[in-house]
Amino acid sequence: MPKVSLTVNGKPVSVEVENRTLLVEMLREQLRLTGTHVGCDTSQCGACVVHVNGASVKSCTILAVQCEGAEVLTIEGLAAPDGTLHPMQEAFREYHALQCGFCTPGMVMSAIDLVQRNPQGLSDREIREGLEGNLCRCTGYHNIVRAIAAAQVVMHGKAKELPRAAE
Amino acid sequence: MYEFAYHRPASVAEAAKLLAADPEAKLISGGMSLIPVLKQRLARPSALIDLGAIPDLVGISVTATTVTVKGRTTHAAVAASAEVRQAIPALAELASHIGDAQVRNRGTIGGSIAHHDPTADYPAAVLALGATVNTSRRSIAADDFFTGLFATALEPDEIVTAVDFPIPEKAAYVKFPNPASRYAMVGVFVAKGPMGVRVAVTGAGANGVFRHAAMEEALAKSWSPEALEGITTPAEHLNTDIHASREYRAHLIGVMAKRAVAKAG
Amino acid sequence: MGYEGIGASVRRREDLRFLSGRGTYTDDINRPHQAYAVIVRSPHAHARIRGIDISAARSAPGVIAVFTGADMAAEKIGGLPCGWQVKNKDGTPMAEPPHPVLAIGKVRHVGDPVAVVIAETKAQARDAAERIAIEWEVLPAAATMEAALQPGAPSVHDDVPGNVCYDWHLGDKAAVDAAFAKACKVARLELVNNRLIPNAMEPRCAVGEYDAATGDYTLWTTSQNPHVIRLLMGAFVLNIPEHKLRVVAPDVGGGFGSKIYHYAEEAIVTWAAGKLKRPVKWTADRTESFTSDAHGRDHVTEAELALDDQGRFLALRVRTLANMGAYLSTFAPCVPTYLYATLLAGVYTTPAIYAEVKAVFTNTVPVDAYRGAGRPEATFLLERLVDIAALEMGIDRVEIRRRNFIPKDAFPYQTPVALQYDSGDYHRTLDEALKAANWDTFEQRRAEAARRGKLRGIGISTYIEACGIAPSAVVGSLGARAGLYEVANIRVNPTGSITVFTGTHSHGQGHETTFAQLIADRFGVPMSQVEIVHGDTAKVPFGMGTYGSRSLAVGGSAIVRASDKIIAKAKRIAAHLLEASVEDIDFKDGMFRVAGTDRVKSFAEVSLAAYVPHNYPIEELEPGLEETAFYDPKNFTFPAGCHICEVEIDPETGEVEVVNFTAVDDVGRVINPMIVEGQVQGGVAQGIGQALLETCVYDEAGQLLSGSMMDYTMPRADDVPCIQVGTAVTMCTHNPLGVKGCGEVGAIGAPPAVIGAVVDALRDYGVRHIDMPATSQRIWRILDAGRQRLAAE
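Protein chains in written order, with this note's numbering: chain A, 1 to 167; chain B, 1 to 265; chain C, 1 to 793.
Pairs of lysine-lysine, DSS-like flavour, derived with a Cα cap of 27 angstroms:
{"id": "1", "chain 1": "B", "residue 1": "K26", "chain 2": "C", "residue 2": "K122"}
{"id": "2", "chain 1": "C", "residue 1": "K275", "chain 2": "C", "residue 2": "K244"}
{"id": "3", "chain 1": "A", "residue 1": "K3", "chain 2": "B", "residue 2": "K17"}
Partner residues aside, some chain C positions facing chain B, computed with beta carbon under 7 angstroms:
{"id": "4", "residue": "E652"}
{"id": "5", "residue": "T653"}
{"id": "6", "residue": "V697"}
{"id": "7", "residue": "L705"}
{"id": "8", "residue": "M710"}
{"id": "9", "residue": "D711"}
{"id": "10", "residue": "Y712"}
{"id": "11", "residue": "T713"}
{"id": "12", "residue": "Q777"}
{"id": "13", "residue": "W780"}
Simulated from the structure, these hints should not be mistaken for lab results. Only a predicted model underlies this, so the values are computations on that prediction, with no experimental measurement involved. Every residue gets a Cβ at the ideal spot worked out from N, C-alpha and C, and that includes glycine.
I would like the entire structure built from these sequences, with the hints used as guidance.
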């Protein structure tokens with residue numbers, strides 16, 4: 001079987017896969033990184049979004065063998081080693097931007113890429129449009145948008161602490 | 001997915017050789033169209049030849065007259081390119097609305113036009129701007145490139161290496177997305193430039209992207225949304241599905257075209 | 001640590017694991033030596049199986065076993081049971097045809113399971129599944145209710161000619177006829193309540209395991225009610241006694257009703273695990289979900305409202321056809337009857353109501369409860385009819401509602417359709433919503449939109465629902481084959497920490513937080529000392545699960561009752577320790593105190609005494625501190641509210657944008673406002689989805705045209721607006737918390753408000769009603785026809 005060597009959440013790994021193995025299958029089945037989810041089979045839902053070489057991609061629509069030499073970041077690799085959450089994770093919690101949690105890993109990974117690509121800051125409307133590749137069935141998106149709007153302030157260094165949600 | 005062999009050539013020549021040697025092999029660039037097809041088991045290639053390791057195939061260059069986008073350049077790269085935004089803002093704008101952010105991070109211009117999905121955005125730009133498609137063996141004019149639904153003039157072992165877009169005087173793209181898939185249900189690209197006045201319609205045609213002769217004629221006389229008033233699109237060669245009948249698509253072509261002309265200024 | 005008790009927006013405790021990728025959903029579970037199942041499904045809506053050749057599949061690489069319906073029949077495996085029996089008008093029971101786990105003889109919908117392939121890997125199972133050769137005799141299909149009810153229509157079930165499952169009615173026909181005879185005005189409406197596909201983001205999954213050493217079976221499954229699955233599958237399908245069957249529903253990625261039911265795949269993996277002595281896992285692809293998860297709604301209705309000259313409602317007459325699909329899913333029969341017709345009074349004093357419901361078998365996926373279940377259908381028809389009556393009588397939409405509201409001093413209020421509402425204040429929710437939505441200044445916004453070339457409209461709905469399902473005796477008399485109480489077991493650990501075992505199930509609702517707040521409030525302990533356990537039949541004594549907005553109203557009440565028992569016992573222990581009379585012991589803020597003194601024992605000290613009973617009233621009290629309560633509600637709860645929607649329509653394309661949405665709901669007492677708001681917002685988004693985007697489309701042959709997310713329009717972030725949520729509370733009078741429920745209000749209240757807004761926006765085009773979903777194409781056709789009519793005039 002072919003072997004693919006890459007870095008996942010900062011750790012070098014080497015995995016035997018079939019050529020047809022998708023990145024998400026390798027992450028979930030072989031590396032047991034089950035935080036990345038599969039919610040559809042038509043590349044619509046975005047539950048499987050991870051970062052490959054710093055860009056958000058749907059890990060259900062890329063072959064594991066295409067990731068030779070790549071740096072992959074999943075939801076499991078987001079928090080600091082001491083457990084401190086990434087500002088986006090913290091914002092999702094503070095603003096109740098998740099309910100069942102299934103779309104959440106992909107949503108968070110997409111949101112981080114969205115904010116990173118837009119250092120000028122995003123309006124609520126732009127955030128909604130930027131989430132085109134991610135479906136959530138629980139929240140109605142309202143609190144996801146609020147969370148991302150709050151997180152970008154911290155991620156762009158405009159505030160040290162996350163703005164708190166009103167009680 | 002059915003299992004397949006996988007090759008990762010380092011040059012276009014090597015890729016072309018692999019492709020020529022195996023008629024059942026397929027090229028994979030970003031994979032945004034191909035992988036979903038493979039996952040549904042609707043295709044069974046013997047091998048995938050991945051263009052992902054060929055550095056020569058990535059990049060954007062701009063001259064006084066032409067924007068050249070190499071075949072494996074991602075939509076995100078085109079959308080983010082300051083040079084493209086300067087030279088052909090409509091092209092950058094189109095690229096910034098293809099699929100979703102994750103599709104744009106992987107999907108490539110070469111893959112998009114070689115696949116010629118009838119709902120893809122890029123074919124409208126290629127056709128309306130009168131671009132030239134450069135391949136591993138020749139140059140193909142846009143008017144000769146798209147030959148039908150999921151069909152192009154590419155030979156089985158031919159690889160898209162770059163697309164040259166003549167810089168227009170005015171251009172704009174407006175689309176009405178399918179509410180479910182968000183692919184173009186109707187997309188209209190209008191352009192006025194060295195190639196004349198050209199109007200290309202994607203998403204709607206039963207045979208893929210097409211030029212709209214009546215609109216081109218009207219706009220050549222008078223470049224204004226009002227010039228398109230009263231011009232209808234015959235519905236019989238348009239797609240119909242649960243989201244849009246061919247009559248609705250025909251109507252939307254008119255609306256999108258006017259909006260595109262207005263946007264182009 | 002801030003205040004954590006009732007009324008605090010405590011941040012959710014479950015979020016840390018979900019946000020760090022450490023949730024445990026069923027597909028995250030992998031058992032040693034696990035095999036993978038792939039289901040072979042029917043590509044036809046209706047066909048006889050002439051033969052199945054499994055030999056090529058059986059010999060494919062990695063294949064362990066292939067089973068068909070014949071293999072299950074040979075072992076006398078039962079069919080999937082239905083949990084509710086509805087009776088016909090004449091008192092005879094509904095038609096209840098068998099629902100085999102794997103098809104026997106014929107298939108009845110696209111997606112009907114025919115065979116299962118079990119292999120070492122999922123890819124091998126799928127490769128082999130393609131090698132199964134089935135000889136089909138394709139039969140004409142009854143793909144729609146209209147087709148199924150035609151004379152000579154194909155019979156979905158050979159022994160149910162005519163395809164009618166039941167023909168049921170509710171209400172006083174004679175009184176309704178009499179009221180119509182003297183009515184000043186009759187408003188009429190025919191409508192379709194569009195069929196929906198639930199699409200919880202987590203596809204269904206099941207892992208079965210058999211322990212040959214003990215003979216015990218375990219099923220991990222994506223379920224909203226693991227005890228119900230254990231009961232149904234163990235007793236009716238696989239004949240496994242409950243003490244040998246454990247069902248675990250771990251973290252579940254959304255349900256919305258679709259994960260209530262007992263599905264074939266659960267029985268298949270459990271049975272196969274026993275036969276193969278290996279764990280077997282099945283995970284649905286999304287495309288598979290579209291043809292195997294129960295769908296929702298799908299009604300065709302004719303309704304008439306009789307009014308007097310002042311616009312007061314005199315009577316309501318409703319005739320509904322309800323699609324059951326090809327088989328009866330677990331609770332399907334009750335949805336268009338007892339969860340629908342009983343709600344037709346709405347918030348109004350309509351004195352006479354008569355509803356007839358005919359349930360129809362078709363060659364489509366089974367239809368069952370989906371968020372709201374019956375109540376959105378009732379609300380949509382009633383609120384649309386009220387709007388039409390107002391329009392046709394020239395009465396303002398708000399005013400006609402006010403004239404007919406049940407007044408707040410009329411509770412308890414007995415409706416003519418069986419329910420007795422306990423509390424509510426409909427004028428108040430209306431007033432607050434009108435204010436929050438700036439209803440009075442809408443015409444300015446309409447004019448401003450017109451200047452931008454947009455058609456702007458506003459819509460309103462004042463809805464009620466019955467939830468907190470449900471009093472067992474009541475539902476039993478109506479045909480339920482189960483009780484609908486809820487169970488709580490509270491285990492106080494020796495050091496005073498508390499573990500709560502609840503029979504409800506959280507799949508997004510945040511029970512681990514809300515229930516812990518309840519306990520923190522009752523016992524005066526920090527939430528960090530409280531653990532909420534759910535979803536495992538080996539841990540939780542029993543439970544009926546989560547649906548019908550019942551978790552807090554029924555499950556929370558059970559927790560309160562069990563807490564009361566704990567406190568009563570703990571007071572007796574404290575009295576002994578403090579050498580006082582139990583009547584003199586007060587319990588407050590975690591301390592037991594002899595009233596009027598400074599003699600106290602902490603909750604932890606009393607707990608320790610219960611488990612280390614050295615100084616203990618051992619003659620009177622057993623050691624230990626653990627109590628269980630089964631709470632059977634006295635009545636349903638009745639959340640109600642007012643939803644207001646504003647839309648703008650692009651007149652050139654027909655595209656609708658929801659620009660404002662305001663919800664003011666009476667959900668009873670609010671434990672965690674943050675979670676309540678989130679529940680309402682999510683429900684509203686699904687309501688907007690039904691109103692504008694989502695619909696399930698079958699062609700005449702019974703092929704599902706909206707069979708993937710490429711064609712079924714799921715609401716995305718830019719399809720929904722900022723959703724403004726408020727509450728205006730009256731307490732439920734019959735449960736100890738005063739809570740009513742909030743999970744479904746959005747999906748119930750939103751659709752008529754959205755459609756009302758769309759119709760209002762198109763008021764110059766002679767439109768009185770638009771069926772859902774109001775897609776751009778549907779609206780463009782109305783606009784186009786209107787323009788052509790105007791041009792012709």
